[in-house]
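Protein chains: 2
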Amino acid sequence: MSNVLEALVAALGPQVRLGADIPGRNHTDASGLQPVAPQALILPQSTEDVATALRICHEHGQSVVTQGGLTGLAGGAHPQSGEVALSLERMTGIEEIDPASATLTALAGTPLAIVQQAAEDAGFLCGIDLGARGSCTIGGNIATNAGGNQVLRYGMARRNTLGLEAVLADGTVVRSLNKMLKNNAGYDWTQLFIGSEGTLGVITRVVIGLHPKPQGVQTALCAVSSFDDALAVLRRFQQSYPGRLLVFEAMWREFMTVATQICGLSPAFEEDHDLTLLIEADMGEESTGSEAFSTLLSDFYEQGLIKDAVVAQSRADRNRFWAYRETPYEYGRFLPEEIRFDVSVPLDRMTEAVEYLRQEMPRQYPDSVWVVFGHVADSNIHINVAIKDMTSDTKKGVQNLVYGMVSRLGGSISAEHGIGRIKRPYLNRSRTEPELALMAKMKQTLDPKGILNPGRVL
Amino acid sequence: MSNVLEALVAALGPQVRLGADIPGRNHTDASGLQPVAPQALILPQSTEDVATALRICHEHGQSVVTQGGLTGLAGGAHPQSGEVALSLERMTGIEEIDPASATLTALAGTPLAIVQQAAEDAGFLCGIDLGARGSCTIGGNIATNAGGNQVLRYGMARRNTLGLEAVLADGTVVRSLNKMLKNNAGYDWTQLFIGSEGTLGVITRVVIGLHPKPQGVQTALCAVSSFDDALAVLRRFQQSYPGRLLVFEAMWREFMTVATQICGLSPAFEEDHDLTLLIEADMGEESTGSEAFSTLLSDFYEQGLIKDAVVAQSRADRNRFWAYRETPYEYGRFLPEEIRFDVSVPLDRMTEAVEYLRQEMPRQYPDSVWVVFGHVADSNIHINVAIKDMTSDTKKGVQNLVYGMVSRLGGSISAEHGIGRIKRPYLNRSRTEPELALMAKMKQTLDPKGILNPGRVL
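Just so you know, the sequences run in chain order L and P. Position 210, counted from 1, in the first sequence is what UniProt numbering calls 210; the numbers after and before it change by one each time, with no gaps. Position 349, counted from 1, in the second sequence is what UniProt numbering calls 349; the numbers after and before it change by one each time, with no gaps.
A portion of the hints provided could be inaccurate.
Identical copies look the same in the list; a pair holds intra-copy or inter-copy alike.
As the list claims (entries may be wrong) - Think about it this way: if two alpha-carbon atoms lie no more than 20 Å apart in a straight line, the pair counts; the simulated SDA-like pairs of lysine to any residue are:
(1) K396 / R320
(2) K449 / N319
(3) K441 / H58
(4) K213 / R235
(5) K213 / L296
(6) K395 / H58
(7) K307 / G93
(8) K449 / G82
(9) K396 / P434
Honestly, the hints are just simulated from the structure, not real lab data. Quick caveat, the model's predicted, so the values are computed rather than measured.
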């Protein structure tokens, strides 16, 4: 056993697992990278354990990969050869719900779904929500500044975070378990750790702000014939009912074609339309809310902004509408290997982005099946490209096509999934040299030996 | 002339003012500190000018104080002897309003009121608002993470900031004029500059996200008999109408007594009450909104949560209600010298805070006139203490009393005004050693020679 492993075992005993005692699940995350066994797996039970582990690793210059729910798509939690994995899976639990402050304090390894349920039981709503809610952890959500379907209303993980406890690379514990909306006492150092994907420190405890539960949520599918019309629907809805929109998802024509012709869902409308919107809004008390919602959509129809619309009359309708949006989770059953992109494009360039794909994808990759969809109110689209017998050259080609376009349009190569290992080669498409130099300086200051998630982000 | 002044004049010519050519307004800010003439005043007209100025000052180890609208209360922009002042007053102008993205791009020296008007002219609302709107600048608002009356709904300046351009201590320009709600491409370095009060870099250009304008704002004054009841009103209002509250200001009994008996306003209610709340909510279309608002307040009255209430029926009513909240701007005319505190207290400790003041202020400072009021939904209260013939010892005593209490209750010594020079000695009341060490590391990394706003914050 190497010196560092001996020191870890001596200090942390059975919290350190080696060799065959390391479960396969800790060899990989959801990125699809080939599994790699870490040198050791540390399963701390407290912040003090995390501090001990990092102090030892820091002394020995030992690289550490931090693991939460292992649901990340960018390879941030995927071990590299020789790394020690530090999994927060045993640091779970809601420590406090303070109804006066409308805050929830939890250990970082707590699954998001547990946090959501605890908030709901206390009469509140957790503003962070995403598909992986059952497995992902609240610490991982914050470390990656997770997005999701309701960012439009509640913001990214950053906006929901009031306080943090984190362990620095050398084992120092910094703690600001702030429950107050306003705190301008010095630099808000917690901002450094939000979205830095475990490269600047390990988040061990979080305070999130809770929201009032929405009342009477209304759901509709709307057909529109251009992105400009979709944007007009978004802005006019917001003008008529400020702050009520929860969800504004766009699914372009190609997406709906795959949903119906390949995944087997019934067509949403009699005719095909360029874009289908999934809209949810918190319209208040059921009967008046439902009427106001339908009236507004009727107005949009009469103004020619929407070509067709269906409003959910039941839970079953709502599920049926969401089923379109959720077809990408099923693509594995129907389509060949995919590359999935999570990018942002400024809204005034969105039409150009889709037009470019419509021109270039069939020309350069005639056999590809590709779709565009996403949280457009947040500028965020997902692009999935499935190609039979995908080679690594094809993959690179598609990546260059998409990231090149994003870069030209002033977009971001990562909207909500982060950079991790997979997007690292493309970071300079969204960031300038002075920005990258500034990031490197921050990394060097906080992790001078480069032991935390090396090779991720930067 | 010293070498550094010579170099500045050589590079920037008439943008550098010396001696008697420096206007008196640049000798101080709104902190009340004694005016001090800076060595020179630089009035850059572009980001490149700022970069040139900082590069020269950095080379010479020359300290620089950055000035915006000079409305800060913590002394952050107040020159110290030997400093060069860098005022952004000539860098004004709205550069773009993008209605598709709902964003506004402006030079940092643009007054907030100009930004607000431009947003309004384009059919949107700027989420940043505070009393000094006519003089303060959007760059200063972001550099100090300004708060205000509508933080409850729109958040602090941080939440409204999407992109920044800043000049580092050595003159490097970093630029991320991001217009997208989601951008997880690497560290969000802009977060470093928000709220760091000019000590890490100079903000030169900003992108802010705009909001839909509220519809049919309703205003009421409500009397409640305890802070617990006030909190219940807040939470039940939010549960009934999530996301509609804009303003939730509390004025404790002592505040209303000063407003009526000293400042001469008519009593708001027939009887005295422990707390008066000023509530505003965006209730939608006028007739139904006004009815829903009144009905909810009636419900609260019947539940015994509020003891009395008046709803504004006109613009004049609304102004009359706000006049109570704005009496502190008039205290100078009626009261002896004041110390003004801007602190946060966790909501579940707020009653303790006020009870402590009610016990200790009359005991320790029997001749003082003191009031508590503020943005309580954000945990933020202001405490003003006026004492005749205030000595510096008395001042220190009162500061220790208030900051000691805030520290014991886990609050923050600065909610929204920042630390500047005035609160610097008290920062350790709200921050631990590891936090202060981390802040110092960030400062050291970004400004190794310590030339930017030295002696402020840290």
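So which of those numbered hints doesn't the model satisfy?
-> Hints 1, 2, 6, 7 and 9 not satisfied by this model.
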